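First to last, the protein sequences are chains A and B.
Using this note's numbering, you'd call the opening residue of the first sequence number 1 and step up by one each time.
Using this note's numbering, you'd call the opening residue of the second sequence number 1 and step up by one each time.
Be a bit skeptical, because a hint or two may be false.
When chains are identical, the list treats them as one kind, so a pair holds in a single copy or across two.
Unchecked claim - The list that follows gives simulated cross-link-like pairs (lysine-lysine, DSS-like), each with its CA atoms no further than 30 Å apart:
{"hint": "1", "residue 1": "Lys388", "residue 2": "Lys317"}
{"hint": "2", "residue 1": "Lys32", "residue 2": "Lys19"}
{"hint": "3", "residue 1": "Lys317", "residue 2": "Lys11"}
{"hint": "4", "residue 1": "Lys317", "residue 2": "Lys32"}
{"hint": "5", "residue 1": "Lys183", "residue 2": "Lys317"}
{"hint": "6", "residue 1": "Lys19", "residue 2": "Lys278"}
{"hint": "7", "residue 1": "Lys32", "residue 2": "Lys183"}
{"hint": "8", "residue 1": "Lys11", "residue 2": "Lys32"}
{"hint": "9", "residue 1": "Lys317", "residue 2": "Lys19"}
{"hint": "10", "residue 1": "Lys388", "residue 2": "Lys11"}
{"hint": "11", "residue 1": "Lys32", "residue 2": "Lys388"}
{"hint": "12", "residue 1": "Lys19", "residue 2": "Lys388"}
{"hint": "13", "residue 1": "Lys183", "residue 2": "Lys11"}
{"hint": "14", "residue 1": "Lys11", "residue 2": "Lys278"}
Bear in mind the hints are in silico, worked out from the structure with no lab data behind them.
Because the structure is a prediction, the values reported are computed rather than measured.
There are 2 protein chains.
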Amino acid sequence: MNALGSNVPLKVDRAQLQKDFDALAALTEPGKPWTRRSFTPMFLRGRDYLARRFTEEGLTAHIDAAGNLVGRWAGRNPEAPVLMTGSHSDTVPSGGRFDGIAGILSGLAAIRAMRLTGFQPEHSIDLVDFLAEEPSEWGLSCIGSRGMVGALSADHFAMIGPDSERLDTAITRMGGSPENIAKSIRSDVGAFVEIHIEQGPVLEAEDIPLGIVSGIAGIARVRLRLEGEAGHAGTVPMSMRADAGMAMARLMLALRDAARAEADRGRGHFTATIGVMKLEPNGANVVPGAAEAVVDIRAENDAAMEDYLATIATLVKAAATAEGCRVAATERLSRTFAVACDARLQALIRDAAEIHGFATRPLASGAGHDAAFIARIAPAAMIFVPSKSGISHAPEEWTDTEAIARAADVLALTLSTLDQRPLAPAA
Amino acid sequence: MNALGSNVPLKVDRAQLQKDFDALAALTEPGKPWTRRSFTPMFLRGRDYLARRFTEEGLTAHIDAAGNLVGRWAGRNPEAPVLMTGSHSDTVPSGGRFDGIAGILSGLAAIRAMRLTGFQPEHSIDLVDFLAEEPSEWGLSCIGSRGMVGALSADHFAMIGPDSERLDTAITRMGGSPENIAKSIRSDVGAFVEIHIEQGPVLEAEDIPLGIVSGIAGIARVRLRLEGEAGHAGTVPMSMRADAGMAMARLMLALRDAARAEADRGRGHFTATIGVMKLEPNGANVVPGAAEAVVDIRAENDAAMEDYLATIATLVKAAATAEGCRVAATERLSRTFAVACDARLQALIRDAAEIHGFATRPLASGAGHDAAFIARIAPAAMIFVPSKSGISHAPEEWTDTEAIARAADVLALTLSTLDQRPLAPAA
Chain A
1 MNALGSNVPL KVDRAQLQKD FDALAALTEP GKPWTRRSFT PMFLRGRDYL ARRFTEEGLT
61 AHIDAAGNLV GRWAGRNPEA PVLMTGSHSD TVPSGGRFDG IAGILSGLAA IRAMRLTGFQ
121 PEHSIDLVDF LAEEPSEWGL SCIGSRGMVG ALSADHFAMI GPDSERLDTA ITRMGGSPEN
181 IAKSIRSDVG AFVEIHIEQG PVLEAEDIPL GIVSGIAGIA RVRLRLEGEA GHAGTVPMSM
241 RADAGMAMAR LMLALRDAAR AEADRGRGHF TATIGVMKLE PNGANVVPGA AEAVVDIRAE
301 NDAAMEDYLA TIATLVKAAA TAEGCRVAAT ERLSRTFAVA CDARLQALIR DAAEIHGFAT
361 RPLASGAGHD AAFIARIAPA AMIFVPSKSG ISHAPEEWTD TEAIARAADV LALTLSTLDQ
421 RPLAPAA
Chain B
1 MNALGSNVPL KVDRAQLQKD FDALAALTEP GKPWTRRSFT PMFLRGRDYL ARRFTEEGLT
61 AHIDAAGNLV GRWAGRNPEA PVLMTGSHSD TVPSGGRFDG IAGILSGLAA IRAMRLTGFQ
121 PEHSIDLVDF LAEEPSEWGL SCIGSRGMVG ALSADHFAMI GPDSERLDTA ITRMGGSPEN
181 IAKSIRSDVG AFVEIHIEQG PVLEAEDIPL GIVSGIAGIA RVRLRLEGEA GHAGTVPMSM
241 RADAGMAMAR LMLALRDAAR AEADRGRGHF TATIGVMKLE PNGANVVPGA AEAVVDIRAE
301 NDAAMEDYLA TIATLVKAAA TAEGCRVAAT ERLSRTFAVA CDARLQALIR DAAEIHGFAT
361 RPLASGAGHD AAFIARIAPA AMIFVPSKSG ISHAPEEWTD TEAIARAADV LALTLSTLDQ
421 RPLAPAA
């Protein structure tokens, strides 16, 4: 017998879920599928749809101080810790139909399913559309979840976006009240579960419908600049060159090999990527005098990240020296720490999936998520659903509705279980 | 006793040479040292100065059909083959004070020195400022020397430059008559000698004042495109990547290693350079899905070029395969053949330098020059002077006036020798 008092595990309404996906997919900038950029009129149209649907499903919708759209299913005990789920409805430019919105619509589907059984939660359940999870034109991501946990500073508020608009002004325009953010930090959340597409190839490759996220990787970005001697491609003999492009090519391979070795070491998810590289002056008839790259490093284990960051310095020097070049910059652009998902929540989700007969596997998130910020104020966990070919942030992004519905099935069971047997408060 | 009838080898006028360099350096686009782009008003101001100086030194100046400025010192025998020298007065944007103009001013200095002795040549001597040697806004280089040898086609004439101007219209604007180019192909040239800065580091490194050019390298350009699978930098595990950037890094090193091996093989000057490379989509958080590069290959030996071009195909496939990527393009963008400098002229120059007490070394030209085109109609040779740090096409380009004057000393002796003992006509 499951927590909802039935032997048949509750299934969410697939047809309604599909309807909601179709409706949101239709709300995209003309000729630019799929684009609902935060802070734009199209984003607000998406939110209008969501607020209406929240209300239809019996939730009370409001915009919080940080500009998040929150739908509340009020519990019988207003003093009990809130159970929270949700994700984000904004997209990258020309992005997909699932990244973010899957977490809101599956939360809505889970709540609908629970309500249709006549279930009345003891705890209030909040379904949240976090503001601006994707990198915004203000140069910041996860604005709403940062705001909810008190991670927005005066410097953030002063960031400037399109039309010279300050970020706090933009949040106000979304219905938030930045002046109240500091005093609105949530301390009433008992647990948070976010459903999200994997954005990677693992679940599809292993044919497993659900990933239970073990942790969200810390992310570091390091800018590397190597300098050699620019020269005429035809006149500088091969033996007299200090070709910064060759030093960078060596470095790229060395960085990758070191990342592979770390990933194989068993200290959790680890990646390092050189996605940005440029030669200078970038002329066909000029031996490159300089080369720049940015290394993006993701580590589930902070010690692994530290080790790798230390290794970079060694590898950069070795590559430069081997090609007669010099290291002009090794600059740490940014660094966030890894966030472990709550082990009790992971176990609850695994149990719920098992009742439904869905296979799961633990999986780290290499991408950042609102859950990483919410984890600062509450036990947090995530459920991943497969991404076709691992593609995200592109029109080709795809996840079957059935795959998302299964995660929603598990979410409904997890929330109802938590409602009856809440996690013990943190010591 | 030298050809001018004296035991003291003739020295050109250093002070006048310096004056001419200073005057030309002053004729540059304001705030953009040193820029005298072909077909611009500033270029014409440079030519006005040159035409005036040609006349002052007793030459008759005119613009030929291809838009070249030609100064003629008429010989006693109008039927005798013409001895020709010169180079170009146009520059790249923000280029140097020596590339090209050194060949004109040293030619002028040599003629001045010969005239001041009272020497009267048997053969007419032409001093030429070839039109638009540097790549022009019309997308073509060596326009004047091409025109002089009949290497301008109707397709070339139809090329479009700034303000939608056709190339033939622009040549007319420079004083040329494109309609007469075809019937003006020079068949009266007995020998051509061009003085030019080395644009490379060899003479400076070996402390040798003069390079006698053995040949002008053939040039090929090949575009390479590798494709893998773009993916999220955080979510695609290291073991599941097809990173086109890594395939390109491998390829860059393999191409370079193969070029080094060829350069060491003793088949003459050989270089291969990857000066242009880009990753796609070039985002810090995206595993590159594609990478493109252009390889610039220069070979004094055409067989070495062919061997290398064949090797590229093998190396591209190997690099792609090693990284799970595929070869999307191996496209030959252009190909010119090597031009050997005339062996008799090289020997004459070497002898003249020896009389002056200047050390020389044979040296290939990895850069293209007007001489490569003139070689189609006459025995041609080049004398290189050292480039400080091998730099050219940049404001830092530098060669001492004394170094150029020495080349002019050798040129004067070479021309007077040729006047008395012309090369035998080609069989």
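Hint check:
{"no.": "1", "hint": "Lys388 <-> Lys317", "result": "between (40 Å within a copy, 28 Å between copies)"}
{"no.": "2", "hint": "Lys32 <-> Lys19", "result": "within (21 Å within a copy, 63 Å between copies)"}
{"no.": "3", "hint": "Lys317 <-> Lys11", "result": "neither (57 Å within a copy, 51 Å between copies)"}
{"no.": "4", "hint": "Lys317 <-> Lys32", "result": "neither (44 Å within a copy, 36 Å between copies)"}
{"no.": "5", "hint": "Lys183 <-> Lys317", "result": "neither (48 Å within a copy, 61 Å between copies)"}
{"no.": "6", "hint": "Lys19 <-> Lys278", "result": "neither (45 Å within a copy, 42 Å between copies)"}
{"no.": "7", "hint": "Lys32 <-> Lys183", "result": "neither (39 Å within a copy, 57 Å between copies)"}
{"no.": "8", "hint": "Lys11 <-> Lys32", "result": "neither (34 Å within a copy, 72 Å between copies)"}
{"no.": "9", "hint": "Lys317 <-> Lys19", "result": "neither (56 Å within a copy, 47 Å between copies)"}
{"no.": "10", "hint": "Lys388 <-> Lys11", "result": "within (23 Å within a copy, 78 Å between copies)"}
{"no.": "11", "hint": "Lys32 <-> Lys388", "result": "within (21 Å within a copy, 54 Å between copies)"}
{"no.": "12", "hint": "Lys19 <-> Lys388", "result": "within (21 Å within a copy, 72 Å between copies)"}
{"no.": "13", "hint": "Lys183 <-> Lys11", "result": "neither (39 Å within a copy, 88 Å between copies)"}
{"no.": "14", "hint": "Lys11 <-> Lys278", "result": "neither (51 Å within a copy, 49 Å between copies)"}
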